[in-house]
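Those protein sequences? They're chains A and B, same order as listed. No gaps in the numbering here: position 91 of the first sequence is 91 in full-length UniProt numbering, and each next residue is one more. No gaps in the numbering here: position 193 of the second sequence is 193 in full-length UniProt numbering, and each next residue is one more.
Just so you know, the hints here were simulated from the structure itself, not pulled from any lab data. Warning: the hint list may mix true and false statements.
So the derived label-pair ranges between C-beta atoms look like this [to be verified]:
#	chain 1	residue 1	chain 2	residue 2	range
1	A	Pro102	B	Glu43	28 to 36 Å
2	B	Asn127	A	Glu43	24 to 32 Å
3	A	Glu117	B	Asn175	52 to 60 Å
4	B	Lys121	A	Pro62	29 to 37 Å
5	A	Pro15	B	Thr45	19 to 27 Å
6	A	Glu159	B	Glu43	50 to 58 Å
7	A	Asn175	B	Glu114	48 to 56 Å
Cβ coordinates follow ideal geometry from the N, Cα and C atoms, glycine included.
Number of protein chains: 2
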Amino acid sequence: MQNKIQGVYLVTDRPLCIHHRLEDVVRLSATGGVSLVQLREKEATSREFLELAIHLKKILSPFQVPLLINDRVDLCLASGADGVHLGQSDLPWYVARKLLGPKAIIGLSIETKEDWETLQKEDPSPNLDYLAVSPVFDTKTKTNTKTAWGLAGVRWLREKTNLPIVAIGGIHLDNAKDVIEAGANSLAVVSAICSANDPKEATIALKKLF
Amino acid sequence: MQNKIQGVYLVTDRPLCIHHRLEDVVRLSATGGVSLVQLREKEATSREFLELAIHLKKILSPFQVPLLINDRVDLCLASGADGVHLGQSDLPWYVARKLLGPKAIIGLSIETKEDWETLQKEDPSPNLDYLAVSPVFDTKTKTNTKTAWGLAGVRWLREKTNLPIVAIGGIHLDNAKDVIEAGANSLAVVSAICSANDPKEATIALKKLF
Numbered sequence: 001m002q003n004k005i006q007g008v009y010l011v012t013d014r015p016l017c018i019h020h021r022l023e024d025v026v027r028l029s030a031t032g033g034v035s036l037v038q039l040r041e042k043e044a045t046s047r048e049f050l051e052l053a054i055h056l057k058k059i060l061s062p063f064q065v066p067l068l069i070n071d072r073v074d075l076c077l078a079s080g081a082d083g084v085h086l087g088q089s090d091l092p093w094y095v096a097r098k099l100l101g102p103k104a105i106i107g108l109s110i111e112t113k114e115d116w117e118t119l120q121k122e123d124p125s126p127n128l129d130y131l132a133v134s135p136v137f138d139t140k141t142k143t144n145t146k147t148a149w150g151l152a153g154v155r156w157l158r159e160k161t162n163l164p165i166v167a168i169g170g171i172h173l174d175n176a177k178d179v180i181e182a183g184a185n186s187l188a189v190v191s192a193i194c195s196a197n198d199p200k201e202a203t204i205a206l207k208k209l210f
Numbered sequence: 001m002q003n004k005i006q007g008v009y010l011v012t013d014r015p016l017c018i019h020h021r022l023e024d025v026v027r028l029s030a031t032g033g034v035s036l037v038q039l040r041e042k043e044a045t046s047r048e049f050l051e052l053a054i055h056l057k058k059i060l061s062p063f064q065v066p067l068l069i070n071d072r073v074d075l076c077l078a079s080g081a082d083g084v085h086l087g088q089s090d091l092p093w094y095v096a097r098k099l100l101g102p103k104a105i106i107g108l109s110i111e112t113k114e115d116w117e118t119l120q121k122e123d124p125s126p127n128l129d130y131l132a133v134s135p136v137f138d139t140k141t142k143t144n145t146k147t148a149w150g151l152a153g154v155r156w157l158r159e160k161t162n163l164p165i166v167a168i169g170g171i172h173l174d175n176a177k178d179v180i181e182a183g184a185n186s187l188a189v190v191s192a193i194c195s196a197n198d199p200k201e202a203t204i205a206l207k208k209l210f
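Chain A on its own, in the form it takes in the complex (with noise of 0.2 Å):
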């Protein structure tokens, strides 16, 4: 599925859907190509959480389109999705890969050089599917990140990985494209999407930059 990690990436945010429903906003964005999505639910209770993955994925199941869960394993588990995004305080991605299988989608937030250092103590290698390079610019949707690494950050990781890398931050169509150039495989973004009016032009506008 590493093929699957370029283009772009939606990452989901129920109260960002100020146009549409997230299921709606969803629907568009496969319509308009986008590459990946990833829900991401912070205040649901795992039933909803678990509900709302089985609704995702079969919007986006004729699509073809890779449906990620944020941090939850079991919900990718119980929900039939294609795998899941974890951050540094979620469970360690080598236990997620164990319970998961060779086949899950598994990506990593490297929010720090630290946590790139870590990862290559753990695995030289790691049974990864991409990186993500979080956060990259500062932005209003998470506000529990680290320094943004900056387009020189993108670059540092470039030089290091041969893993797909997915930039999360801040990115919008003014400055995808420096993004691109700097390395990233796949643009991850929460509001241009999820916000937009029209969240298929969006999702065009963005994936004509690839």
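Could you slot chain B onto chain A? The hints should help.
Chain B in isolation, oriented as in the chain A frame:
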């Protein structure tokens, strides 16, 4: 493991561990003869929750006291815990059973008579290890609970099911005997052990009532 669902059942709550650290409360309670421990963490990250689960599992193994995880099936799988306790807004019990297999201990909170009716419709002989009557009495420990069942509620569920019944909510030494007489196989307590000056003695005192 059905015989484990009897006696004193400790549900953890770190903020209520005022005299001892959580791990010491758990160790002392095991020394006092606790039958089962449920790790409940509402604020921890997945990583912290997992590390705590692995730590408590190590503490409890020599006592052969099972460790259950509240809600998180993935953390149960990853920590080697013995099962999960599920509330009505957690994963459906049959999904948890599928993910955890036949040997896991799975308990389900029944908060209303409607919850019982739903369970009966799902499966007249559900593959569960216990039902938790929640809450038996009003409690300050958990604020999102439904109307208290009272002793009449315990008697009502006792007539309906042959599954072990765990009573939870507002149980302390003064009312524990009544709850057992109403039909509870096990008494789940939080503050009565977590906040006790002597968690071992608090466990022994409750255990004597059986």
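Earlier hints that do not hold, by number: When the structure is compared with the hints, only number 6 turns out to be violated.
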